[in-house]
Amino acid sequence: MVELTQLMDNEVFMAFASYTTIVLSKMMFMSTATAFYRLTRKVFANPEDCAGFGKGENAKKYLRTDDRVERVRRAHLNDLENIVPFLGIGLLYSLSGPDLSTAILHFRLFVGARIYHTIAYLIPLPQPNRALAFFLGYGVTLSMAYRLLRSRLYL
Amino acid sequence: MVELTQLMDNEVFMAFASYTTIVLSKMMFMSTATAFYRLTRKVFANPEDCAGFGKGENAKKYLRTDDRVERVRRAHLNDLENIVPFLGIGLLYSLSGPDLSTAILHFRLFVGARIYHTIAYLIPLPQPNRALAFFLGYGVTLSMAYRLLRSRLYL
Amino acid sequence: MVELTQLMDNEVFMAFASYTTIVLSKMMFMSTATAFYRLTRKVFANPEDCAGFGKGENAKKYLRTDDRVERVRRAHLNDLENIVPFLGIGLLYSLSGPDLSTAILHFRLFVGARIYHTIAYLIPLPQPNRALAFFLGYGVTLSMAYRLLRSRLYL
Numbered sequence: 000m001v002e003l004t005q006l007m008d009n010e011v012f013m014a015f016a017s018y019t020t021i022v023l024s025k026m027m028f029m030s031t032a033t034a035f036y037r038l039t040r041k042v043f044a045n046p047e048d049c050a051g052f053g054k055g056e057n058a059k060k061y062l063r064t065d066d067r068v069e070r071v072r073r074a075h076l077n078d079l080e081n082i083v084p085f086l087g088i089g090l091l092y093s094l095s096g097p098d099l100s101t102a103i104l105h106f107r108l109f110v111g112a113r114i115y116h117t118i119a120y121l122i123p124l125p126q127p128n129r130a131l132a133f134f135l136g137y138g139v140t141l142s143m144a145y146r147l148l149r150s151r152l153y154l
Numbered sequence: 000m001v002e003l004t005q006l007m008d009n010e011v012f013m014a015f016a017s018y019t020t021i022v023l024s025k026m027m028f029m030s031t032a033t034a035f036y037r038l039t040r041k042v043f044a045n046p047e048d049c050a051g052f053g054k055g056e057n058a059k060k061y062l063r064t065d066d067r068v069e070r071v072r073r074a075h076l077n078d079l080e081n082i083v084p085f086l087g088i089g090l091l092y093s094l095s096g097p098d099l100s101t102a103i104l105h106f107r108l109f110v111g112a113r114i115y116h117t118i119a120y121l122i123p124l125p126q127p128n129r130a131l132a133f134f135l136g137y138g139v140t141l142s143m144a145y146r147l148l149r150s151r152l153y154l
Numbered sequence: 000m001v002e003l004t005q006l007m008d009n010e011v012f013m014a015f016a017s018y019t020t021i022v023l024s025k026m027m028f029m030s031t032a033t034a035f036y037r038l039t040r041k042v043f044a045n046p047e048d049c050a051g052f053g054k055g056e057n058a059k060k061y062l063r064t065d066d067r068v069e070r071v072r073r074a075h076l077n078d079l080e081n082i083v084p085f086l087g088i089g090l091l092y093s094l095s096g097p098d099l100s101t102a103i104l105h106f107r108l109f110v111g112a113r114i115y116h117t118i119a120y121l122i123p124l125p126q127p128n129r130a131l132a133f134f135l136g137y138g139v140t141l142s143m144a145y146r147l148l149r150s151r152l153y154l
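Sequences listed follow chains W, H and V, in order. Under numbering that gives the first Met the number 0, think of the first position of the first sequence as 0, with each following residue one higher. Under numbering that gives the first Met the number 0, think of the first position of the second sequence as 0, with each following residue one higher. Under numbering that gives the first Met the number 0, think of the first position of the third sequence as 0, with each following residue one higher.
Okay, chain W solo, but in the shape it has when bound (with noise of 0.2 Å):
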């Protein structure tokens, strides 16, 4: 068996996988909210989610959406179409020998971000509070994407 510690032993590698591993945490905490929202509103999409509440019609009219609900939801998605992208170019970026310190910036400044769009969704604040968390996840994404074709582009 060979041995992986080398590849931990890096510490941008390292640092990529803390980062990476608290931002998808606190992405599958969006999961908790919405079941959350939806067991203490009532607040179903599948008949057999609301069966406990009542028989027939009586739980079908759970079956309904909800502001908060949806809003979560959103939230929850944006975390999806965002944090792929960082997955990808973060694991590749991590692995082409960038400076520590840059890259660590780069982490910090999208964890960050990301956790103050979602503060910034679900409270929610007053825009342009959550386009701007928004944007600057994106900008690292692509400042890291950038860095990466420039330095090892082979097509």
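Honestly, the hints are just simulated from the structure, not real lab data. Misleading hints may appear alongside valid ones.
For chains that are exact copies, the list does not tell them apart, and a pair is met inside one copy or across any two.
The calculated lysine-lysine pairs, modelled on DSSO-like cross-linking and capped at a C-alpha distance of 30 Å, are [what the hints assert, rightly or not]: (1) K54 to K25; (2) K60 to K41; (3) K59 to K41.
On the provided structure of chain W, position chains H and V as indicated by the hints.
Here is chains H and V on its own, set in the frame of chain W:
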């Protein structure tokens, strides 16, 4: 050209590669299921998709939603929301040098939970079948995240 | 600090990194397209987003859906559903030591298919343009999954 086969000689990494490929292929099957129900039930989201079923106003009647199609799409989105964290956290966990049998247990439980989740969603089975499958997969990913951060935190 | 540049000296891996960065950047462009149509058409999902266009009930009229915005969002979600499997399976396939020209053919076809899919979705082109682009990308990912499992299955 550098030999990368050493990475694939690592048993944890090969197991991760196998289980990930299976669960991602399962997720891709959801696209086929959506296409199948859209075509057999004539339920479309885009005007150009139903142009073959009639002209003008006659075709527009197929621009509608359908319970079964929406159910498959919710199952697909739930897959995305859960498999993306598994992909990122699982990859980094696999590279952090975990015990082989512990790692394989994590991968098997996750893939089994997601396959059971899809079955419970599409049939559908009564709750809490789907909820338990969801929380099992969720717990496995969180367990990998915890082990990763405990051993390799670098902020 | 361990040198990781050996991973990036591998030509298949460098090609994967380049094509992945391009297709993820293309996916990120969909966010910008959504924002563009939301702002120019004044179509918003959140009350705080349209607060700048008027007070109270006057602003609420912009909380609506729009065919063009929904079309971009469907194209974006389809990207997510297809690029996530490519990201996971393609990474593991790249590390499994495939033939360079075969690997590059896979990457080129996938990236070309996804770019054509977006063009066919947004213009829109008549079917089966979009369907063929979808199935080409889908088939490329399945082909990589098959080659990976055939050579490296470990359950």
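Exercise for the section: Taking the numbered hints from earlier one at a time, note which ones the structure violates and give those numbers from smallest to largest. Expected result: 1
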